[in-house]
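**Student:** One-letter residues, chain by chain:
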Amino acid sequence: MSRPVLGILLLALAGPAAAQNAAAWRDSAYRLSTERQRVWDSLMQDFSEAEEIARRAGLVVSATTEYRAIAEDVLGRFDSARRRWFGPALPAAAGFRITLRSGESWSFGRRTSGPQSLSIAGIPDTDETFRLAPFVPDETLGSAEKAAQRLLGEYGALMMASAPAAIRGWLRAGSLTEFSVDSRREGAMYSLVTGVGKAQRDCVRGDSQSCAHALGIRRSGDPDAGGEYYPLVRADLLLAALEQGGEWAWTRLMAVESGTVEQALAAAAGMPADSLLLRWRDGLLALQPDRGPLDLSAAGLILGWSALILAAGLGIARWV
Amino acid sequence: MGVIVRWFAAAALVLGALYVTLFRAPPPVPESTAAPEFSRIADLMSRQRRAMILWSALAARDSALARLAVSAVPPGEFRIVATGFGEGAASKEAEAQVRQRWRAVGEVDSSVRTLVLLYNGAEFDTLRSQVFPYSGALLPASHSDGTCVAMTSGILKAGREIDVVKSQLELALAPCLLRAAFGVPGRPVREWLERTDHGAARSNEWLDRPRDFLDGDGQLPWEPMYDETWGSLYATGGSSLIRRLSTVELTMMLAPPYVMGGPALRCLAGTPSECARTVLDPVPRVHDLPSDLTFRASGRGTSPNAILAIHPTGYWFLSDIIRQEGRDRFARFWQSDRPFETAFREAFGRDLGEWTRDWGIRQRLGSWESRYSRKPVVLGVNLAPSWPLLALGWTAAALLLAAWTARRRQVT
Chain U
1 MSRPVLGILL
11 LALAGPAAAQ
21 NAAAWRDSAY
31 RLSTERQRVW
41 DSLMQDFSEA
51 EEIARRAGLV
61 VSATTEYRAI
71 AEDVLGRFDS
81 ARRRWFGPAL
91 PAAAGFRITL
101 RSGESWSFGR
111 RTSGPQSLSI
121 AGIPDTDETF
131 RLAPFVPDET
141 LGSAEKAAQR
151 LLGEYGALMM
161 ASAPAAIRGW
171 LRAGSLTEFS
181 VDSRREGAMY
191 SLVTGVGKAQ
201 RDCVRGDSQS
211 CAHALGIRRS
221 GDPDAGGEYY
231 PLVRADLLLA
241 ALEQGGEWAW
251 TRLMAVESGT
261 VEQALAAAAG
271 MPADSLLLRW
281 RDGLLALQPD
291 RGPLDLSAAG
301 LILGWSALIL
311 AAGLGIARWV
Chain Z
1 MGVIVRWFAA
11 AALVLGALYV
21 TLFRAPPPVP
31 ESTAAPEFSR
41 IADLMSRQRR
51 AMILWSALAA
61 RDSALARLAV
71 SAVPPGEFRI
81 VATGFGEGAA
91 SKEAEAQVRQ
101 RWRAVGEVDS
111 SVRTLVLLYN
121 GAEFDTLRSQ
131 VFPYSGALLP
141 ASHSDGTCVA
151 MTSGILKAGR
161 EIDVVKSQLE
171 LALAPCLLRA
181 AFGVPGRPVR
191 EWLERTDHGA
201 ARSNEWLDRP
211 RDFLDGDGQL
221 PWEPMYDETW
231 GSLYATGGSS
241 LIRRLSTVEL
251 TMMLAPPYVM
261 GGPALRCLAG
271 TPSECARTVL
281 DPVPRVHDLP
291 SDLTFRASGR
301 GTSPNAILAI
311 HPTGYWFLSD
321 IIRQEGRDRF
331 ARFWQSDRPF
341 ETAFREAFGR
351 DLGEWTRDWG
361 IRQRLGSWES
371 RYSRKPVVLG
381 VNLAPSWPLL
391 ALGWTAAALL
401 LAAWTARRRQ
411 VT
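Respectively, the protein sequence lines represent chains U and Z. Each residue of the first sequence is one higher than the one before, counting from 1 in the working numbering. Each residue of the second sequence is one higher than the one before, counting from 1 in the working numbering.
The following block holds chain U by itself, in its conformation from the complex (with noise of 0.2 Å):
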């Protein structure tokens, strides 16, 4: 057959590309949608091996075999510091579940085990609940503590999501309790002596009325007064105000829906603002160090190393 017949035989069989065809790619991405949709379905029956591990006070926890030893210890854990800041309160009267999922780490394409699974869930826990279920790497579930750390993460950021718009929007965070206690007090109490705004300075030497302004509860009139804090420490300071109210801080604090910051602060802690500010910046002075980074012992060492090396370079006994 000539190259030219050949030629004009190919181009009248040639049809349209199908690249160049909007509907066809449509159908294919739909396609693929309801496809990934099932793998996906799928892999989350992996979890419902899970199995009730124990039950306190209206909450649940479930885990599959590898938390399992774990699972009691988390729901205690949990349990005190959701009560010790958000009492019995739950996100909504349909409960709750967070579950952590691990055994598949995205990054960088390693992976350590199969799916596992801790869930807590508060009753009555209905299909109209809140539900997180995020991946978590697996040292997150390798300690009791770790596991119910990130649970209170998710917690808190399911209460704030529940939480009046005026808390909402003056938080300026998603979650109230994303960093462990001792991690947020220490952030919060740098924060608070290292501002160098006007009202941070003049906060830190205890006018209540620049620390509401540096917190952004109250604005100051002061236009020289700087900058605001960091969100970390608004959540600190909503966190001191709940402990500071009790059980049914959190409670009161959702009643004042269309109040204030101040307002909403003052009735979760059942103080006024300024006496909750003033105590919460004390709490926060008492915690910085009292002592420098090279302690006595350390710096005993040093020494002593650096002598032996000196004596032995010198050879200055006679056994080097």
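Keep in mind the hints are simulated off the structure, nothing from the lab. Worth double-checking, as some hints may not be accurate.
Per the computed footprint, the stretches of chain U lying under chain Z, defined by three or more beta-carbons under 8 Å from a beta-carbon of chain Z, are [claimed, not checked]:
1) 21-28
2) 63-73
Beta-carbon label-pair distances, calculated as ranges [claimed, not checked]:
3) ALA92/U x LYS157/Z: 26 to 32 Å
4) ASP125/Z x ALA57/U: 37 to 43 Å
5) SER42/U x ASP125/Z: 22 to 28 Å
6) VAL193/U x ARG47/Z: 49 to 55 Å
7) PRO385/Z x LEU301/U: 42 to 48 Å
8) VAL193/U x PRO385/Z: 54 to 60 Å
9) ARG47/Z x GLY221/U: 57 to 63 Å
10) ASP290/U x PRO385/Z: 53 to 59 Å
11) GLY106/Z x GLY221/U: 41 to 47 Å
12) GLY221/U x LYS166/Z: 33 to 39 Å
13) SER297/U x ALA10/Z: 21 to 27 Å
Not the full set, but computed from the structure, chain U residues with beta-carbon under 10 Å of chain Z [stated by the list, open to error]:
14) SER42
15) ALA307
16) ILE309
Ideal Cβ positions, reconstructed from N, Cα and C, are used throughout, including at glycine.
Add chain Z to chain U, keeping to what the hints say.
**Tutor:** Leaving out everything else, chain Z in the frame of chain U:
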């Protein structure tokens, strides 16, 4: 001498004990038995994204061509149309953005017709593909009069207001604004733009940024590849000692920036012909889009031979030429019918390779990457002849000193 050996042995023992105590390795992690479904999901997601981008691009193109068939855009002006939103929908934000850019262009080429098409992205959003639907320009071959259609998606909000993503609209506008300012490009530039998928012509910063502004948001001047070697080293590789000594970080800081590919490295090391190659060479099209659409999600970044391949220049390359050389000279280059490199030399008085090398060095020095790595790129053996001599000299001096000390201590 024996005493010194014993002393060193004792010190090594103590240091070894300290290492074992302080830096002992964590217990080994059990081998993988992960569900293969995860890989399947990742693969399906990737294919779904591609399908969604192609679908949105082709659907937008069909809408634009249909629109152009029934109503022509007057030359030297722009029109904004919204499609798929129903009656009365408009985007004040997009209009303000286009107007501001149009004003910045200044005197508009009277032969160019510009249409800005906002299409409804709601249906594409329902698939949760986690990427934006298509944003780019249509340069229809059937409209050889310089028609350019900037297309981007929007979502209908309250009050019939269409919400568009500013950066996506900028991306779509870029080819059209170049044509509005400088007219239809000459054949060599036009072919280069098509060949490289308009990859270097996606920044509009030339419109209002000063000459000394460093564009690119601190990115490397040549598109970097994704290299999982370092990530894997961080996650799994090496002993605890290697990690604690920051060996990975040190290596990264000392190694040449391989992520930009071999030709870019040779360019930075002083070979102008390699620089010109990085500008002129075609970039494989990531998606099978019609050639009249501009789009490039990424170039060589993930291909297996990325370390050897030519990586395309940053998306702001053309914009930088305009800012550095001025609009008048750029217009001469843009409209020239001479071969690309000749036109470049005639317009700017410099070779393309040299210009690109200077640009690359300046951009790299301003990048985030260069803050943590060696500043000048030096390839091959880079130890100056004086260094081995110096090292040998000091070693000999130390040995002589030790021998002399030992000799003095000998008891006869």
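**Student:** Each hint: holds or not?
**Tutor:** Here is how each hint holds up against the structure:
1. 21-28: With 5 residues in contact (Cβ-Cβ under 8 Å with chain Z), the coverage given for the segment 21-28 of chain U holds.
2. 63-73: It is violated: at least three residues are needed, and the segment 63-73 of chain U offers just 0 whose Cβ sits closer than 8 Å to chain Z.
3. ALA92/U x LYS157/Z: 26 to 32 Å: With a Cβ separation near 28 Å, ALA92/U and LYS157/Z satisfy 26 to 32 Å, so the hint holds.
4. ASP125/Z x ALA57/U: 37 to 43 Å: holds (41 Å)
5. SER42/U x ASP125/Z: 22 to 28 Å: holds (25 Å)
6. VAL193/U x ARG47/Z: 49 to 55 Å: Hint holds: Cβ distance 54 Å, inside 49 to 55 Å.
7. PRO385/Z x LEU301/U: 42 to 48 Å: Cβ of PRO385/Z to Cβ of LEU301/U: about 44 Å, so the range 42 to 48 Å holds.
8. VAL193/U x PRO385/Z: 54 to 60 Å: Because 55 Å falls inside the window, the suggested range holds.
9. ARG47/Z x GLY221/U: 57 to 63 Å: Since ARG47/Z and GLY221/U have Cβ atoms about 59 Å apart, the given range 57 to 63 Å holds.
10. ASP290/U x PRO385/Z: 53 to 59 Å: holds (58 Å)
11. GLY106/Z x GLY221/U: 41 to 47 Å: holds (45 Å)
12. GLY221/U x LYS166/Z: 33 to 39 Å: Holds, at about 35 Å.
13. SER297/U x ALA10/Z: 21 to 27 Å: holds (24 Å)
14. SER42: holds (7 Å)
15. ALA307: Violated, about 15 Å.
16. ILE309: Holds. Min distance 9 Å.
Consistency note: the structure conflicts with the earlier hints numbered 2, 15.
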